[in-house]
Structure formats: C-alpha cells, structure tokens
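Visitor: Modelling step: build the complete structure from the supplied sequences, incorporating the hints.
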Amino acid sequence: MSQPEFESTPDPLIQMNELIERFGTEGLRQRQLIANRMLRQAGAHYTRSVGKRNSQIKDWALDPIPVVISAQSWKTIEFGISQRTDLLNKIYKDIYSDQILIKEGVIPASLIYKNSGYLRALGNQNSKEIGNIILSASDLIESEKNEFCVVSDRIQAPSGLGYALQNRRVTSQLYSEPLFQERTSKLYAIFNSLTNSLKALTGKENPRAVILTPGSLSETFYEQKLLASYLGLSIVEGRDLTVSNGRVWFQSTEGEEAIDVIIRRVDQDWCDPVELRGESLLGVPGLVEVIRQGGVILANPLGTGVLESPALLKYLPAISQFFGEDQLSLRSVETLWGAEDLEQTLDQLAEMIIKPFQRDGRNSGSIYGPELSDKQLDTLRNKIKKSPEQFVAQEIIHSIQRASWQKGDLVKRGSITRTYSVFDENHYQVMRGGFTRSEVISSRGIFTNQLGAINKDTWIVGTGVTDEYKLDLTLTSGHTPKPGHEIRLNENLFWIARYLVRSETLLSSLDTLIQTVSEKSLDAYQARSLLSLINKQADDTLDALVLQFQDLPLTNDAIYRLLQVAELGSIQGTLQSVLFASESIFDQWSGSIQRTLNTVQEILIQLNKESYLPNEYRELALMISHLQSLVRSLQSAIPETGSHETAKQLYQVGNEIEKAQQIIIKLQHLISHPLDTPIFSNLMLFDQNLFGNDLFGQFTQQYQTIGEVLELLAGDHRSPDSLAHVIDSLNQALLNLDREHQSSLLPSYREPVLEMVQDLQEIRFDESSEQQTTKSWIECFQRWEKMLNRIASEIEQSYCGEKLTPRMFSPRTSLR
1 MSQPEFESTP DPLIQMNELI ERFGTEGLRQ RQLIANRMLR QAGAHYTRSV
51 GKRNSQIKDW ALDPIPVVIS AQSWKTIEFG ISQRTDLLNK IYKDIYSDQI
101 LIKEGVIPAS LIYKNSGYLR ALGNQNSKEI GNIILSASDL IESEKNEFCV
151 VSDRIQAPSG LGYALQNRRV TSQLYSEPLF QERTSKLYAI FNSLTNSLKA
201 LTGKENPRAV ILTPGSLSET FYEQKLLASY LGLSIVEGRD LTVSNGRVWF
251 QSTEGEEAID VIIRRVDQDW CDPVELRGES LLGVPGLVEV IRQGGVILAN
301 PLGTGVLESP ALLKYLPAIS QFFGEDQLSL RSVETLWGAE DLEQTLDQLA
351 EMIIKPFQRD GRNSGSIYGP ELSDKQLDTL RNKIKKSPEQ FVAQEIIHSI
401 QRASWQKGDL VKRGSITRTY SVFDENHYQV MRGGFTRSEV ISSRGIFTNQ
451 LGAINKDTWI VGTGVTDEYK LDLTLTSGHT PKPGHEIRLN ENLFWIARYL
501 VRSETLLSSL DTLIQTVSEK SLDAYQARSL LSLINKQADD TLDALVLQFQ
551 DLPLTNDAIY RLLQVAELGS IQGTLQSVLF ASESIFDQWS GSIQRTLNTV
601 QEILIQLNKE SYLPNEYREL ALMISHLQSL VRSLQSAIPE TGSHETAKQL
651 YQVGNEIEKA QQIIIKLQHL ISHPLDTPIF SNLMLFDQNL FGNDLFGQFT
701 QQYQTIGEVL ELLAGDHRSP DSLAHVIDSL NQALLNLDRE HQSSLLPSYR
751 EPVLEMVQDL QEIRFDESSE QQTTKSWIEC FQRWEKMLNR IASEIEQSYC
801 GEKLTPRMFS PRTSLR
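Counted from 1, the sequence shown has number 36 at position 36 by the working numbering; the numbering is strictly sequential.
No lab work stands behind these hints, which were simulated from the structure alone.
Yeah, the Cβ is synthetic: ideal placement off N, Cα and C, and Gly gets one too.
Don't take each hint at face value.
[Stated by the list, open to error] Think about it this way: if two alpha-carbon atoms lie no more than 25 Å apart in a straight line, the pair counts; the simulated SDA-like pairs of lysine to any residue are:
| hint | residue 1 | residue 2 |
| --- | --- | --- |
| 1 | 75 | 331 |
| 2 | 412 | 18 |
| 3 | 204 | 127 |
| 4 | 114 | 334 |
[What the hints assert, rightly or not] FRET-style restraints, in silico, Cβ to Cβ:
| hint | residue 1 | residue 2 | range |
| --- | --- | --- | --- |
| 5 | 793 | 173 | 44 to 50 Å |
| 6 | 192 | 387 | 42 to 48 Å |
| 7 | 609 | 34 | 16 to 22 Å |
| 8 | 378 | 181 | 55 to 61 Å |
| 9 | 609 | 637 | 24 to 30 Å |
| 10 | 645 | 782 | 32 to 38 Å |
| 11 | 34 | 521 | 42 to 48 Å |
Guide: Structure representation (structure tokens):
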C-alpha cells in the first residue's frame, strides 16, 4: 500500500498560535458568539440520556479554536488508519466464514463466542460473498510524546460524521485567514468516496439509499438528519420499511420504491425482530433473510459489532503478522485481557482504564482507575477475579495539551480525535480531518459528549488544496430528504398536538403560581392545592417536590425547581417531547416553525445549565411567558402547514382529546374538595388562568358552590372551556377524519365519543336539578377517561399503524 505525498510547509501549530495571539481575548470571544449563534440557528444539539426514563437536549458546544495537525503528521495517520481498517475488514470476513484465526490459535475462541456482538445467525458464510466494511471510525489520542495512538474503533454504526460536517460549516465562517482558506484540507473527498462506494456496491449510477435511524430520541439524531440532508438521502425508521419478494421497500411521495442500500445507525441487535432481538421496534422484520438473498446491502454489514470489543486491540499486531501484512504503523493502546493478563491487571489497576469486554448497552461505562479509593479498587479487583474475561484494562494515554477556549478563558486541554475511512475502489479512503472532543477538566481524560466534552473542528494544514474539490457546506433544498412515511407523519402530528396542549396547560398553571406567590396572595392551603393540581397535570412527576414544599413558603428557587424536573410527563419533559416528535418529521416544517422550535430548545438548554438561576420572580415569569407564546405560536402555525390532509385531521383529534383529558384533571381536582365548599373562600383555586375567562366570569357571578361549578365545567355547551364543548369539537373532528376515509362501517372509536356526547347532554344545571353526589361524579370521570383512552388507542391503531415506537414521553395513558 503506497503512502500519499504531502508538500512541506511551515509548522501550522506555530501559525495557529500566532493567530490566537493576534485575535486576543476579544477576538476569540467574538468568534465564540458567532459560532453559538450559527449553531442555535441550525438547531444543532446532542441528546443526553439521564437515567433510564429521561433525556435532555444539550446544546452543541463548539470551541472556536480548531485542532491543527500538520500534513506530515497526518501522512502517518492516513496510511495507518487505512491499513488498520483493511485489517479489521479481513478479520470480519474470517470470523463469519472459515474462522482460521481461531483454528490457528491466533485469537482465543472466547474473544468471539463470548462477545454479544457476534451474530451466530450469520456464521459459516462463503468469505467471497461477505460484504466489506463501508464506513469505519477510529479514535486517536496524540500523547505527550507526540505519538498518535488508537484507543478504540467504531465499526458497526459509527457516529459523528455529520457533526464533523457541522463543525466545519461553522468554523469556515470564523476564519478568513490563508491558513484555513488556502492551506487546510477540505472534507469533500470523504463524502465523495461514500457516494462512490454506494454506487460500486450496487452497480447503479443512482442507487436508492436511505439512512436507517432509531428515531428522534437517538442521542445523535441531529447529525443523522444533517448527514442525510447533505447526501440527499431519505432518513427512515424501521417501520417505514417493509419486506416482500426478497426486497426492502419504502413508501415515498413518489410511490413504493425498492431500496438498494441501507446506511444503518441502528445497532445490529435491533435491526430485525424476526432473527435478532424479538422485542425490537426499531428494525425491519425479515431484513436478515433479504440480506442473505442479496436483496439489499447494509452499510455497515450486520455482525461488525464483534469488532468493537476493546479486547481485540490486544491481538491486532499478531493478526496482522498472521495475514502477512506489514507491521501496523499506528499502534493501539496497550491492552490487557483474560486470565493470562490477570495478575498484571490487578497489579496495575490504579493506573489503568477498565472497560467492559463488550459494547452492548447492558454494561456500565469505563472506570478510571486513578479516581478510585482503596476500597473501590479492592471491590473492583474481586469482580475481575471472578470474571476476568468480562473486563478489559487499558493504559491511560495522557493527551498533548492544546489551546481551548472554554467559558471565556484560554486554557490548555487534552483531546481525542475521531477520523473516518470509507471503502472506495478496493481501498480505504481516510478523511483529511476529523471530529475532535476536548476535555473540560484538565487531565481528567473524559472525552464524551454525554459527560460534557467540548467539540472542535480538525484542520490538516499544509496539503495542496488546489486539486481538491471546493466543498459547498450549504444545505440547499436539493439536499433535503423526501418526506417520510405517511404513518410516521400521522403519529407524530397526533402526538405533537397532545404535547402542545399539555405544555400550554402546565405553563398556564405555573404562570398562575408564580403570579400569586410573587403577590403573596395565596394562603398555605391554597398554595398546597394549586401545587397539587400542577403535579396531577404533570403526571405526578413532581411528587417529591410537592411533598418537600408542603410546609414551606414557596420561593422563586422552589418554583424554578419545578421547571428543572425533566422526568417524562413533567413540564420540561413535555416540552422536550414536542421537540423530539417534531424532529422526527423535521422535513415538514416551514422556516418559521423550525425557528420557533429552535427557540424552545434554546430555553430548555438554558434551564439545564448548572450555572443558571433566575434572580427574581419577574425573570422566571418572563421565561414562562415566552414559552407560552412559543407554544401558542406552534399551535396556530402547525395546522396550516402543507401536511397530508389526514395528518392535519389527526392533529385536530389529538388536540381535542388532550384538552378533554386536561379538563378532567381539573374536574378531579375540584371533586377533591367538599361539594358544598363556598367558592369565594378559595377563589384562587379557580383562577381565570386555570379555567378560562368566560367560565371564570360565569361561575363567580352565578354559582356559589363547587358542585354547581362542576356541572358548569362539565356540561355547559356554550363555553369553549367546558368538557361538553370540547367533546362536541372532538366529535366533529372525528367526523371530518371519517370523511377522508369513507366506509360503510361505523369506526370503532365513534361509539365512545357518541356515548360521551349523550352523557354530557344529560347534565343539567338549572335550579330544579338535583346536585350530583361526589360518588356519581367520580364514576363519571372514570367512565369518561376510559372512553378517551379507548378513542386515542383506536385512532392510533387505525391511522398510525400497529408497529408503534413506544411513546416514552407520552401524555398519561390512564388518568387518576
């Protein structure tokens, strides 16, 4: 394998340092502000998992100072990464064919058979029929000795290529100097190689390729859709695809199309519920069989997850020698694994990073030995002794310290760079650049976005760029993916409507709380009652805080803490649900709607910053008011989008269902008080912000008890805020939906709504009517909530398909 030629140039690192000195603190600050504004406008973000039930949207933090690597240094990296990926490709093919490496004792059988990344269903293939690894990523650290070392490889569904593109799109606007504009290598080649590879795989000039995503809750969904936009591909979920006649099919706006290539971002275990994980709702049933028949090509192929075990790094030099290859020009981090390395591992534990043997999501992350106490080290030693093959120990590579702009200061920090290689014309083309993450705390060695790393662009300086393509980094309409499957559109608009209604209700109640607390117009009983209502509207996610504040005065800080709860169904969690559902159908939105969604995202990101705390009630009230305006703006704009007519009707249905659900919550709150409780003794329980201006005026003037108000809120068809009026609107919305799909049979969801209409028509609130008892009201609520849940469930089954992704951020499924 020949090594590429590079021209000799002055040291680019010295030149970059001179630029930084020339910019000064103010110049760097201005560039950071420009970068932040560009990223906000683009909606760039990363989704961080918080526990098992929560996700938080985090802003994409980009350091305006890039990592600069000379062309001479990159010469070694480019050759070494290409050589390494070629070797991994040979290992992959051997594992799933003849397994000569195991038979000859080059690697132990347990390295493969005890690895959950090994798919037995794909074994014993003809090596010539096994596809190549198309896209690979390797993480490199430059040590304090100026030596580059590979610490991990990502093969099965490598992420970050879209983020590398985003970083360059921003950085290219920050620097007009020749160092970047004339002497820094562009990124076009790697994307061109990927396009060429897809053509070569299929033998077609314009193959039909899609990106298979786990969905908008994926932590890297933003970069997946960015990559799809740049390459001009559709981004699809598993349920958008079907299998028949030995092919995979996609229902696009142009009709049903056969798919040639799937670029997958779904981990292999979840790609086919028939032959892999049966509980998967992310994959395509029957996909593995279609692959066997050659009906579709996966990039990367299934089974490549076996190559991601860190234990494999220990054997790469011996494998390279066995295959008759040259010595690897890029070394891997020193790796210890198995019984033969047990003694050394235990002795050096305090100086090593301990990783799980396999990356399958069921194991905890890396353990940093130097941070453990003696007791913790002893506990870990005992675990390793019991199961030495479940742990991998690796040396800690201390990164060279590079300039970084963090929190308004110029500091020195370690970093890790991920670069990519693509199979193109029988060899691996390596990206001339990469996706770099910088540590936040010096010498900590934490480089993951989940734990708050700062991102950097990566410049390879000194290459002659005159022969390279000039990369147009603008995402034009020509790169926009085609709209996704109608079912996905139906489902997400149905739920967006519900999320927005719940958001509006919660924000309105919280606004009332802020106003009344700041005015000191609530007594202790009233405050507890209002907090209890907000907690019920938030699906009881605020239980702990409500209990904590029960006997304490409500302060600005206490109310702010209600906003900080990000659990599913909470105020923040519901707003995040709006964003996740909207992102799943991002190609539907106008520029105005997308800007509104981006602004909501910015506010949520601000809420989650540890350093942020509103100074006074007014600041908190302004934030809530801003969010209310944004939610109402979305509620007005979304029904006017150019969506499919059925999806629009489903939006209206979802809107009315959730309105009814929220009214029932208020009615349940009222029924918790004695029916003969005088209204005016607890006026703040029925503030106009909670029940609407019209009703507020009516019941404060005409009705004296809670029992009478219950009848008004439930059965007064004249008021737009009553349950009767909302159910009438729901009935009309369902009729409109039925007209779109004419049938001689009455849809099953029509029966419960007609029954609710009948119930509410029978409620009378004239002077001669007998006031209902508490028991009868509770029975009504329970019956109505069951009917609404049945309507919602049957609507989803009828219009959103049976194969639904679980709604982790859904409104309550059963009201209490």
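Visitor: State for each hint whether it applies.
Guide: Results of checking the hints against the structure:
1. Taking the CA atoms of residue 75 and residue 331, the gap is near 15 Å; set against the 25 Å cutoff, the hint holds.
2. The straight-line distance between the Cα atoms of residue 412 and residue 18 is roughly 16 Å, inside the 25 Å bound, and the hint therefore holds.
3. For a cut-off of 25 Å, the pair hint linking residue 204 to residue 127 stands: about 24 Å separates their Cα positions.
4. At most 25 Å may separate the alpha-carbon atoms for a hinted pair to count; residue 114 and residue 334 meet this at roughly 22 Å.
5. Our hint of 44 to 50 Å for residue 793 and residue 173 holds, since their Cβ atoms are close to 49 Å apart.
6. Checking the proposed 42 to 48 Å range against residue 192 and residue 387 shows it holds: the Cβ atoms sit about 46 Å from each other.
7. A beta carbon spacing of about 20 Å between residue 609 and residue 34 agrees with the range 16 to 22 Å that was offered as a hint.
8. Against the hinted window of 55 to 61 Å, the Cβ-Cβ separation of residue 378 and residue 181 comes to about 56 Å, which satisfies the hint.
9. Checking the proposed 24 to 30 Å range against residue 609 and residue 637 shows it holds: the Cβ atoms sit about 28 Å from each other.
10. Between residue 645 and residue 782 the Cβ separation comes to about 35 Å, which falls inside the hinted range of 32 to 38 Å.
11. The supplied range of 42 to 48 Å is met by residue 34 and residue 521, whose beta-carbon atoms lie about 45 Å from each other.
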